[in-house]
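Let the sequences and hints guide you as you build the complete structure.
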Amino acid sequence: FDIYDLLQCEGGKGIMNVLAADKLMLQPKLYSTFLLWLLSELYSTLPEVGDMDLPKLVFFFDEAHMLFEGTSKALTEKIEQVIRLIRSKGVGIYFITQSPTDIPENILGQLGNRVQHALRAYTPKDQKAVKVAAETFRANPAFNTYDTLLELGTGEALVSFLDEKGIPSVVERAKILFPLSQIGAISEAQRTQVINRSRLYGRYDHPVDRESAYEIITAATEEAERQKAEIEAAAAAEKEAAAAAKQAAAQAKEAARAEREAAKQKKATSGIASKVLKSMLTAVTGVAAGVVADKVTGAVTGKKTASRTTTTQKLVSRTTKSATSTLTRELTRSLLGNLVK
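Residue numbers for the sequence shown follow my numbering, beginning at 1 and rising by one.
No wet-lab data here; the hints were simulated from the structure. Since the structure is predicted, the reported quantities are computational estimates derived from the model, not experimental observations. Do not take every clue at face value.
Restraint-style ranges between C-beta atoms, simulated for each label pair [stated by the list, open to error]:
1. Val208 - Lys29: 18 to 28 Å
2. Ser212 - Ala252: 16 to 26 Å
3. Ser212 - Ala244: 23 to 33 Å
4. Arg84 - Glu238: 48 to 58 Å
5. Ala118 - Gln27: 44 to 54 Å
6. Lys29 - Ser198: 23 to 33 Å
7. Phe161 - Glu215: 19 to 29 Å
8. Met25 - Ala235: 49 to 59 Å
Every residue, glycine too, gets a C-beta built ideally from N, C-alpha and C.
Right, here's the structure in full:
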């Protein structure tokens with residue numbers, strides 16, 4: 001959509017553009033969003049022109065109360081800001097509604113020109129609305145604004161416009177020029193005829209599916225979720241790797257401890273066997289020496305040495321006793337050492 005299509009002229013006169021918003025108005029939030037986009041686009045596109053005698057472009061928003069029903073505070077504040085600033089772009093804005101109370105007070109305060117037709121008050125709520133409408137005008141000492149609003153006839157209205165200094169003039173009772181165009185909606189045939197005669201005919205016939213803000217935000221959200229999932233997966237993998245490394249270290253430590261215990265046990269067993277064998281050899285050597293001594297003594301004296309047991313019996317007895325004593329002593333020492341440990 002090209003904003004400058006709204007600024008075309010024919011024969012030195014501006015062209016009236018009518019937005020068929022009969023379906024759009026059924027969705028107030030969408031209608032408000034469209035209004036904000038249109039005004040924002042105009043503000044960002046048009047150059048600064050200051051205070052002009054006549055505006056470049058004038059908008060009339062009918063059924064204005066539909067724009068602000070259910071609208072968030074942030075959106076209302078944004079509309080107010082754009083309305084306040086867009087006047088320097090040579091754009092005028094008029095809101096058309098039955099009662100001034102339909103428009104938020106902050107936005108109503110930005111509207112300098114006012115035309116108020118008759119209001120009827122049959123309930124306390126209606127009377128309050130009429131009173132509010134009367135108070136929005138600059139009082140005229142010639143008549144009571146509240147009473148006059150209730151008395152206005154067909155084609156009459158109270159009007160107030162900004163003067164050369166930008167100050168609202170006192171309210172005046174005036175006759176309104178009757179409409180010079182058709183009253184009511186045109187038929188489909190009339191609408192088609194007007195469209196076909198337009199210089200822009202065919203330009204906007206084909207829809208353009210541009211990448212919308214929703215699609216951009218959705219893509220950005222999906223990308224953020226994907227990156228978050230990757231980070232979480234990497235963190236989980238790192239955690240699992242750390243746990244596996246810790247477990248492997250614990251297993252290696254346990255294996256090393258078991259290996260040391262086995263080596264120590266093997267060394268202890270080897271030491272006991274060595275000591276038993278040494279004890280047995282000592283015993284055998286001692287017995288053998290005794291036997292040899294007996295034999296030598298007998299040979300010298302010519303006598304036999306009396307003995308209760310034979311040489312072989314002595315050797316076995318002493319050897320067995322020495323080995324048993326040594327084995328018992330070493331086993332006891334080993335057990336006590338393990339208990340203390």
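Against the structure, the hints come out as follows:
The given range of 18 to 28 Å is respected by Val208 and Lys29, whose C-beta atoms sit roughly 23 Å from each other. At roughly 59 Å, the beta-carbon separation of Ser212 and Ala252 lies outside the given 16 to 26 Å, and the hint is violated. Checked against the given bound of 23 to 33 Å, the beta carbons of Ser212 and Ala244, roughly 47 Å apart, lie outside it. At roughly 55 Å, the beta carbons of Arg84 and Glu238 sit within the given window of 48 to 58 Å.
As the Cβ distance of Ala118 to Gln27 is approximately 31 Å, the hint placing it in 44 to 54 Å is violated. At roughly 30 Å, the beta carbons of Lys29 and Ser198 sit within the given window of 23 to 33 Å. For the hinted restraint 19 to 29 Å between Phe161 and Glu215, the CB-CB distance of approximately 45 Å leaves it violated. With their beta carbons about 51 Å apart, Met25 and Ala235 fall inside the hinted range of 49 to 59 Å.
Hints 2, 3, 5, 7 from the earlier list are contradicted by this structure; the remaining hints agree with it.
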